[in-house]
Amino acid sequence: MPHRSFLFFILPSAIAMILFIALPIGSVLVQSLFVEHGQILHEVETCSPFGGCTTETRVDAEATNALRAAQPLGRFNGLGTYLNRNHLATGEIAAFWSASGSWGQFWSRVSQLPFYRALGFTIAYTLVVTPCGIALGFWIALAVNRIPKVLKGPVIFVSLLPMIITPLIGSLVLYWMLNSRGILGRALQWIADDPTLSIGSSGPLTWAVLFLYGIWIAAPFSFVVFYAGLQTVPQDTLESAMIDGASRWERVRFVVIPHLVPLATFVALVQLMDNFRVLEPIVGFNAQARATSLSFIIFNDLKAENGQLFGSAAATSMMTILFVVILLMPVLIRTWRDFSRKPA
Amino acid sequence: MTRLSRISAAALLALAPAAALAECGIEGDGSVRVLANDFNALDLVMERVNSCAGDGVTVSVNQTEEHKNLQVPALSINPAEYTVAVIANNSLPPLLNAGLARPLDDLVAEYGDQLTDQQLIRIDGKIMAVAFMVNGQHLFIRQDIFDEAGIEEMPATWEEVLEDAQIIRDAGLIEYPLVSSYAPGWELAEEFINMYSAEGGQFFAPGSAEPAVNSPEGIAALEMMKAMTEFMDPDYLTIGSLEGSKMWGAGEAAIGQLWASQAGPLIDTEGDYPEVAAETVLIAAPSVADKGIPGAALFWDGFSIAQNISDEDAAASFQAMMYGIAPELAQEEPTGASWMIEGYEPTANAVGIVANLEGGVAYPTTPFMDLMHSALGTELVDYFQGNESAEQALEGVEAAYTAAAQERGFLN
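Heads up: the sequence lines are chains A and B, in that order.
Going by the UniProt record's numbering, the letters in the first sequence line up with residues 1 to 344, in that order.
Going by the UniProt record's numbering, the letters in the second sequence line up with residues 1 to 412, in that order.
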């Protein structure tokens, strides 16, 4: 394709990408470098039903609004928000380092910092859920491919259910069932013969449930893609493998999997990004005591109830993007290599 | 009345605007758009406000628990999305900080004859909000379980609550007799604020935005809360006030620290929980040791009118709200809430909160309190999980608050 026509070909999507992806990210980046103007405070008399009239500190809304109108972006803060205690906490880490005697002590202090605690869970979730979700999806695809035609429709419907249900609703339903008064929670207590067993009160169990939920909800996407891919596996190769005496497992291992690898790369890319942005199950399972994620911190910062910290939310968003890029690096490098090898 | 029947009643009223109009008597035209929290007592007010819809006056009500997240963005635009924000003392400062509420002096003078001076919230000499009910947490006691355990005196301090809980457990009646709302976030922070108020602690250094919770009172408050968790369901870190009141209704607890606004259904012997309701007794929130301050911050619920709306809409909205909180409400629904409305006589459901008014401390309304509340909500969790000492947790709160306050421009 000549360069000119290629340019026109991609122009609409390029414009859309600049408008809806690049520009917003740019504005978030700018936002993350600024903090609000100093609030102008004054003492005024306040009368309320309890305690009568007292002198209280209030924001001088007029003066503060005037300041804001003059410079809407706020004060330039450089990387201050990135490095403060609620994010990378460089100062605190340096202090912990000099104060802690051992690595264990140091790590336990660092893991109490909100950003690192969230990062720990986010990475663990991504690394566990992505491969397991892909494997489960692949297994379902193989199974569905083998079952008789009459059963296919219903089985596909059931396997797609996790994708059809809104994630928040799905996690709420499971939360109620797994609650120590729910049907699954009670069943677990009965199986373990421990009436005090409860998922909400145990960190490892909460993580395990969130992981299982993640795998459940991630599997249908891999299943759909792999199932489509399975229809394109060359029957000749499969048959010749059968004639050579390959078992079913060997056919899957040496014929089907190599054929589906490019698809697996694509699925891994999408799933890594999705899983790194985990949010709904934490909200749905009421699990913020045991597990928080980077997206959860952003969500929390943007809640107006907490005074909407736009700079904080922007800084965490930028770091999330950075981590996603780092995570995707191996997959991207691989794709690039495949791409540059092909023409040769 | 169940919510369903209330909604149907509201729907019916909406179908018959002409009949309702005369009753409401709004002068002039305008649009009334209300943003409110979602609990039973406010349903009663909103039902009346809804009935004001008629020719020239349109009414829409959005009742949601997310109201605190919506109000600032929704009132910042011009014209504002809502004309009335139903607020409490903790949700008024964000509106004041941004100058989104209008002074009500003229409207009160013209249409507010029914209001008592106690209902008017004056800031810098101007009326910025009108309060109509008192809220706060207090103790719920199961009389039958106390009788069975042989406890004769009602607990007046948290120390006594712990003793009573131990007696109930030892008697084999309930393994986890205590219920409270310790879900991380807003509710856990609220419980700390209650206990810290009872200890007589200060949240900020006087006259500044510098945090002061890392204090002996703070540590004592956390230690008392931790001692209480011994007697709570092991899932306590996932239980909020909604779940808590359901657990109470299901008879799973004998001592509960819950909201006054939740009391109505829980003591209604013809409601959802007749057996538990008959045995539920309401008393003041306990104090700590001999300090004598009830361990529950006091709240008022009221409303403000948006700044960014036409004067016409503001007048219609104010009149609709006046009809909503008219003295007839307190007479028709005396058990609906602890009204601050003229002519209201406290009933059985208000006993607990009225007892709190004696010596109780109001929830702090400094402009940076929301940042402190949110820092408490996220940073105290580690202490309850045993990952941090009380002092480390409070250091964490101060550090998290400081970082947020610097970003918002309250601290340098």
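Hint data in this document are derived by calculation from the structure and do not stem from the laboratory.
Even for Gly, the Cβ is constructed at its ideal location relative to N, Cα and C.
Among the hints, a few may not be true.
Part of the chain A face toward chain B, derived, beta carbon under 10 Å [stated by the list, open to error]:
(1) His3
(2) Glu43
(3) Asn300
Label-pair ranges, simulated between beta-carbon atoms [to be verified]:
(4) Ser27/A with Thr116/B: 27 to 35 Å
(5) Leu242/B with Arg334/A: 43 to 51 Å
(6) Ala250/B with Ile40/A: 18 to 26 Å
(7) Gly52/A with Pro73/B: 48 to 56 Å
(8) Ile40/A with Ile167/B: 52 to 60 Å
(9) Glu65/B with Ile40/A: 48 to 56 Å
(10) Ile93/A with Ala289/B: 36 to 44 Å
(11) Ala250/B with Gly153/A: 56 to 64 Å
(12) Thr116/B with Ile40/A: 49 to 57 Å
(13) Pro234/B with Thr237/A: 50 to 58 Å
(14) Ala205/B with Ile164/A: 50 to 58 Å
Just a sample of chain B residues kept apart from chain A, beta carbon distances all over 12 Å, derived [said to hold, decoys possible]:
(15) Ala109
(16) Glu152
(17) Pro234
(18) Thr347
Each hint, compared with the structure:
1. Annotation: His3/A was flagged as interfacial toward chain B, and the flag is violated, the nearest CB pair being 46 Å apart, outside 10 Å.
2. For Glu43/A, the suggested interface contact is upheld, since its CB lies about 8 Å from the closest CB of chain B, less than 10 Å.
3. About 7 Å separates the beta-carbon of Asn300/A from the nearest beta-carbon of chain B, less than 10 Å, and the hint is met.
4. A beta carbon spacing of about 49 Å between Ser27/A and Thr116/B contradicts the range 27 to 35 Å that was offered as a hint.
5. In this structure, Leu242/B and Arg334/A meet the distance hint of 43 to 51 Å, their C-beta atoms being roughly 49 Å apart.
6. Restraint check, Ala250/B to Ile40/A: a C-beta distance of roughly 51 Å breaks the suggested window 18 to 26 Å.
7. The supplied range of 48 to 56 Å is broken by Gly52/A and Pro73/B, whose beta-carbon atoms lie about 33 Å from each other.
8. Taking the beta carbon of each, Ile40/A and Ile167/B are about 55 Å apart, inside 52 to 60 Å as hinted.
9. Against the hinted window of 48 to 56 Å, the Cβ-Cβ separation of Glu65/B and Ile40/A comes to about 32 Å, which falls outside the hint.
10. The hinted window of 36 to 44 Å between Ile93/A and Ala289/B holds, with their beta carbons roughly 39 Å apart.
11. The hinted range of 56 to 64 Å is not satisfied by Ala250/B and Gly153/A, whose Cβ atoms lie roughly 42 Å apart.
12. The hinted range of 49 to 57 Å is not satisfied by Thr116/B and Ile40/A, whose Cβ atoms lie roughly 34 Å apart.
13. Between Pro234/B and Thr237/A the beta carbon distance is about 56 Å. The supplied range of 50 to 58 Å therefore holds.
14. At roughly 54 Å, the beta-carbon separation of Ala205/B and Ile164/A lies within the given 50 to 58 Å, and the hint holds.
15. With 12 Å as the threshold on Cβ separation, the claim that Ala109/B sits away from chain A holds: the shortest Cβ distance comes to roughly 17 Å.
16. Distance check on Glu152/B: its Cβ is at least 31 Å (rounded) from any Cβ of chain A, clearing the 12 Å threshold; non-interface status holds.
17. The Cβ of Pro234/B does not lie farther than 12 Å from every Cβ of chain A; its closest approach is about 4 Å, which violates its non-interface assignment.
18. The Cβ of Thr347/B sits about 19 Å from the closest Cβ of chain A, beyond the 12 Å cut-off, so the non-interface label holds.
The structure does not agree with the numbered hints 1, 4, 6, 7, 9, 11, 12, 17 stated previously, though it agrees with the rest.
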